[in-house]
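S.K.: Here the structure of chain A is known, so what remains is to put chain B in place on it, guided by the hints.
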Amino acid sequence: MNTRARDDERFEREALVWLPDVTRFALSLTRDESEADDLVQDTFLIAYEKWDQFVPGSQARPWLFTICRNRFYRTEERGRRQVQADTPELESLAAAAIHASAQQAGLEQSFESAEVVRAVEAAIAELPDAFREVALLVDVHEHSYEEASEVLGVPIGTVRSRLFRARRLLQEKLLVHARDAGIGQRATGPDTRGTSR
Amino acid sequence: MKPMLDCDSVMRQLWDFLDGELTEDRMEAIREHLKVCKRCQPHAKFEESFLGALVTVRREHSDPAAIAKTVRDALKGRGYSVS
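Residue numbers (our numbering), protein chains in the order written: chain A, 1 to 197; chain B, 1 to 83.
Read the hints as simulated data drawn from the structure, not as lab findings.
One or more of the hints may lead you astray.
[What the hints assert, rightly or not] Once the Cα atoms are required to be at most 27 Å apart in a straight line, the calculated BS3-like pairs of lysine-lysine come out as:
#1 B/K69 x A/K50
#2 B/K76 x A/K173
#3 B/K35 x B/K45
#4 A/K50 x B/K76
Remember, predicted model here, so these are calculated numbers, not experimental data.
If we strip away everything but chain A, and leave its shape as in the complex, we get (with noise of 0.2 Å):
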């Protein structure tokens, strides 16, 4: 077998194994499935093309995202703003302040339904793209902080800063639609205002 069929039989073997992963990934990202086929092709396309570039022995999973993340934020040509956040401890305590407030909205019951899950979704989408994408790596396609630092290209305190900053974020959006869709109405039986004499 020479170098080049070598070679092509690790990239199947470390990075096409991914490929369901970068999928769901790209999926996550576009939320349109035809970019998604595009942005999944052009990733191992420039995988395949950097493979002499990836060092042997390391994870190729963070090494795609990375591709996919780069090269979907350049198709997009968005912005990279900065962004502020609070230390990762205050947004902890301030997310713990929230949990009365879910409670009173009949949140916490209805996190599993499909009214909430799309409002999740809707959530993230509208999170500023910095959080957006932490938020995604981390609790959505469940990398570890140290993955989506090396992803993101950012220390893992910022990974934490963010993505706590994005959690207390997107509990607060999901709290306004409880609260506008009457949730917690709902989960404690028929609303009987106004039918008291």
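M.R.: Quick look at chain B alone, frame taken from chain A:
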């Protein structure tokens, strides 16, 4: 015996804990706290449900075989030799 963590410390590290990103000692300390703390338990449960809801938005491709074929065909166009 180590003193139990206070609620404030647990709240500050709850997401790291749920993400499995703490040292094993710290993970264990938080697990122990959550077993007995009636104040933190409901909050931890809420955050767990919330994180569970986020995973559910992961979408599958409607035709995984088609996208796999598209990628392989494109690679073959660049000389890829594995079929």
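S.K.: Could you work out which of the previously given hints the structure breaks and list their numbers from low to high?
M.R.: 2
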